[in-house]
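Next come the chains, spelled out residue by residue.
2 protein chains.
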Amino acid sequence: MLFTKTKKEAPADEVSRNAELLIRGGFIHKEMSGVYSYLPLGLRVFNKIISIIREEMNNIGGQEVLLGALQDKSTWEPTNQWNDNEVDVWFKTKLKNETELGLAVTHEAPMTKMLTEFIRSYKDLPKAIYHFQIKFRNEIRAKSGIMRTREFIMKDLYSFNINEKNHLEFYEKAKEAYKNIFKRVGIGHITYLTFASGGMFSKFSHEFQTLTSTGEDTIYINEENNIAINKEVFTDKIKKSLGLSGNFKEAKAVEVGNIFTLGTKFSDALNLKYQTEGGENKSVFMGSYGIGPGRVMGTVVEVLSDDKGIIWPSSIAPFTVHLLALGDDKEISKEAVKVYESLLKANIEVLFDDRTGMSAGEKFADADLLGIPWRAVVSTRSISEGGIEIKKRSEEKGKVIPLDELLKMLASK
Amino acid sequence: MLFTKTKKEAPADEVSRNAELLIRGGFIHKEMSGVYSYLPLGLRVFNKIISIIREEMNNIGGQEVLLGALQDKSTWEPTNQWNDNEVDVWFKTKLKNETELGLAVTHEAPMTKMLTEFIRSYKDLPKAIYHFQIKFRNEIRAKSGIMRTREFIMKDLYSFNINEKNHLEFYEKAKEAYKNIFKRVGIGHITYLTFASGGMFSKFSHEFQTLTSTGEDTIYINEENNIAINKEVFTDKIKKSLGLSGNFKEAKAVEVGNIFTLGTKFSDALNLKYQTEGGENKSVFMGSYGIGPGRVMGTVVEVLSDDKGIIWPSSIAPFTVHLLALGDDKEISKEAVKVYESLLKANIEVLFDDRTGMSAGEKFADADLLGIPWRAVVSTRSISEGGIEIKKRSEEKGKVIPLDELLKMLASK
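Heads up: the protein sequence lines correspond to chains A and B, in order.
So the numbering used here is basically just the index in the first sequence, starting at one, shifted up by 89.
So the numbering used here is basically just the index in the second sequence, starting at one, shifted up by 89.
Honestly, I wouldn't trust all of these hints.
Intra- or inter-copy, both count: the list cannot distinguish identical chains.
Under the rule of at most 16 Å between Cα atoms (straight-line distance), these lysine to aspartate or glutamate pairs were calculated in the EDC-like manner [unchecked claim]: (1) Lys434 to Asp493; (2) Lys183 to Asp417; (3) Lys427 to Glu494; (4) Lys341 to Asp213; (5) Lys185 to Glu478; (6) Lys94 to Asp213; (7) Lys185 to Asp173; (8) Lys371 to Asp357; (9) Lys434 to Glu98; (10) Lys94 to Asp493; (11) Lys97 to Glu206; (12) Lys423 to Glu253; (13) Lys224 to Asp177; (14) Lys212 to Asp443; (15) Lys94 to Glu206; (16) Lys183 to Glu228; (17) Lys434 to Glu206; (18) Lys96 to Glu206.
It should be emphasised that the hints constitute simulated quantities derived from the structure, not laboratory data.
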């Protein structure tokens, strides 16, 4: 039995749709502005998104590690990014002896530094190394639910190649892996590869932008080429350099992923060199590839929900089916337990609403709010019609089918 | 191919055996004093320990969540634990508007606070809720490798019951779950349930102490009852209150887990009440149950290693078998690749040492250092004898067996 409860209202200070629905559904809990807990339902979704990302990173040769969240000054000084004027979202803290430490904003520098211990020769390259680790960002405002928080887990992968040509080959693979991720979590059809500025790490970058009216970014979409340009760099010069002409459609969007060419910025600064076949010492050519599973989860809620609640894609839904026992009499309860046990036995992920003393309307409303892809109802009517009423969250009408058919149908989902 | 390399030496400032072997083997990387990265080999071990802990927590009804690492003052003030004199290992930081935040030392208070939103009535109890989340401890010294670090992931479970009686029933179950964990990771035979002081959270606690000459603690073992008492509370009064008499053997040990009865300390302070069947408001009775998978991993290395390296128990070994191709000629390489692919196909976790230009001695030394339970060697000799030489890490002698026998044998491990 879940310890969470659904709520009628989200906290009054929550203005974002994702926070409202996720808090009301008991997926997340707000600890303070910009800091959320993941509750059992939310953690299931979160972990499924993480698994999809991990699979795609492993498919392009990524090796998983786990770096620390505490960072030291010496790591970020060579690129001048310890400076609060250069990187303005640091949280800093201190050891007992007054030594300053920083909380990971990102991990380019410590990853580069670590690799100096393992890369010596061209034979040690290429490498692609990633982790899922908390980032801390000292944001002035945190008003977008789990889409912009002061701490969040990010998958960041770093690529290490002998030169730009090999780097760009990997970069194209990473683009495809990112496209796969967004397709698999159910937002591929509204997510655009978007040319953007590089922020603090490089001149330009590619963002993945998902269309939503609540998005913080404005992008210009070129449908012919299935690509977009972020408003911040939408100039004739850039259009020309990308070989894009024709129509651009303005749209609001949210950034769900970001990939950068870093070049030799970090390897020069932190002395990550390799010896070429000819014996020459050269700087490693790097790239950086980020995605926040929480941001992805929040975006899915923003774009895949209706006025009743969330509509999870089955790939990341907390459960496959939401089983509701309607009415408190013994026959119904007995039948519902039988269905529940059959689903468990068939390895179908099921959430069982066996709460008593609640009306059908209340249970339906909770099921709509939680947004599990299938709703299975055991009631006097369904029993009299010889089965269970099954309905898709995304459809209006259900139908009554016998248990064996239900098991067969859901096993294939 | 792993990006890590074995090393002849650990950093000069590492004095602990676990850090020395884990760094030399490429399991972990030292970022700074008290902060380590987990490299691919180390992360595999770490995740296997986490899986075992998670299974045992789920078995006693634990529900998994994920709370934040940033904490606010108001959460810890009611128990006076925001005060740096009361809790002397805080790392503190600040928002841009100067609001002070703390980095999670532990999560009793935020977990209690969160539960006030979900617990109303005796019907909502009991509950057991846990997470795996980073803790930050501003330790003055951090000299024990991954056994005492400034940041580390901890599994902390909190139990919520209507009264002490029900709490103690759960507490006994948690004890058994902890015993299972230590048994499963291979240190059950040298780990003692140990009566100890309660530190900052309660009067007394139970620690799980693993015998090792490098341990920071001294315990007194009562073999007859398979229980120990920590030196800090080893008095006649305590012995009497526990009903223990007879012989006590002094030993050095390291604390690998810790369980506390919290009582109503946090629920009183943070107003976590429930309504009894009779309509009365009462404080929830709580317990706290901690274990650090990194500390467990370090302890396993301290106690299960020899002068050549680590000897992983198969339950948490990074791989089941370490396959070595000895000699650089084509026939050996072809045969080794065939064995490797057969192992992969049979779903046996294999690390393949296909490095060229290395002597048999160097490869054997690395295999011993890495400590994978089985070593499989393909060499001119093994091929001439019709198979692969298989040897246990913990034994001196191996034997040559054919491939099908190897697959059969390892599949059952």
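Each hint, compared with the structure:
Proximity of Lys434 and Asp493 under a CA criterion of 16 Å is satisfied intra-copy only: 12 Å inside one chain copy versus 34 Å between copies. Taking identical chains as interchangeable, the C-alpha atoms of Lys183 and Asp417 are never at most 16 Å apart, the minima being 58 Å within one chain and 52 Å between chains. When the C-alpha separation of Lys427 and Glu494 is checked against a cutoff of 16 Å, the pair qualifies only within one copy, where the shortest distance is 15 Å, while the shortest distance between copies is 45 Å. For the homomeric pair Lys341 and Asp213, neither the shortest alpha-carbon distance inside one copy (43 Å) nor that between copies (43 Å) is at most 16 Å.
Taking identical chains as interchangeable, the C-alpha atoms of Lys185 and Glu478 are never at most 16 Å apart, the minima being 63 Å within one chain and 53 Å between chains. With identical chains, the CA atoms of Lys94 and Asp213 are at most 16 Å apart between copies only, with a shortest distance of 10 Å across copies and 52 Å within one. Proximity of Lys185 and Asp173 under a CA criterion of 16 Å is satisfied inter-copy only: 11 Å between copies versus 22 Å inside one chain copy. Taking the shortest Cα distances, Lys371 and Asp357 sit within 16 Å of each other inside one copy (9 Å), while across copies they are farther apart (63 Å).
Taking CA atoms no more than 16 Å apart as the test, Lys434 paired with Glu98 passes in neither setting, with 36 Å inside one copy and 52 Å between copies. Proximity of Lys94 to Asp493 under the C-alpha cut-off of 16 Å is found in neither arrangement, the shortest distances being 31 Å within a copy and 54 Å between copies. In this assembly of identical chains, the alpha carbons of Lys97 and Glu206 lie at most 16 Å apart only when taken from different copies (13 Å versus 54 Å within one copy). In this assembly of identical chains, Lys423 and Glu253 lie within 16 Å of each other by CA distance neither inside one copy nor across copies; the values are 65 Å within and 34 Å between.
For the identical chains of this complex, Lys224 and Asp177 are intra-copy neighbours only, at 14 Å inside a copy versus 25 Å across copies, given an alpha-carbon limit of 16 Å. For the homomeric pair Lys212 and Asp443, the shortest alpha-carbon distance between copies (14 Å) is at most 16 Å, but the shortest distance inside one copy (60 Å) is not. When the C-alpha separation of Lys94 and Glu206 is checked against a cutoff of 16 Å, the pair qualifies only between copies, where the shortest distance is 9 Å, while the shortest distance within a copy is 50 Å. Taking the shortest Cα distances, Lys183 and Glu228 sit within 16 Å of each other only across copies (11 Å), while inside one copy they are farther apart (20 Å).
In this homomeric assembly, Lys434 and Glu206 never come within 16 Å of each other (Cα to Cα): the closest approach is 49 Å inside a single copy and 33 Å across copies. In this assembly of identical chains, the alpha carbons of Lys96 and Glu206 lie at most 16 Å apart only when taken from different copies (10 Å versus 52 Å within one copy).
Hint compliance for this structure: hints 2, 4, 5, 9, 10, 12 and 17 are broken, all remaining hints hold.
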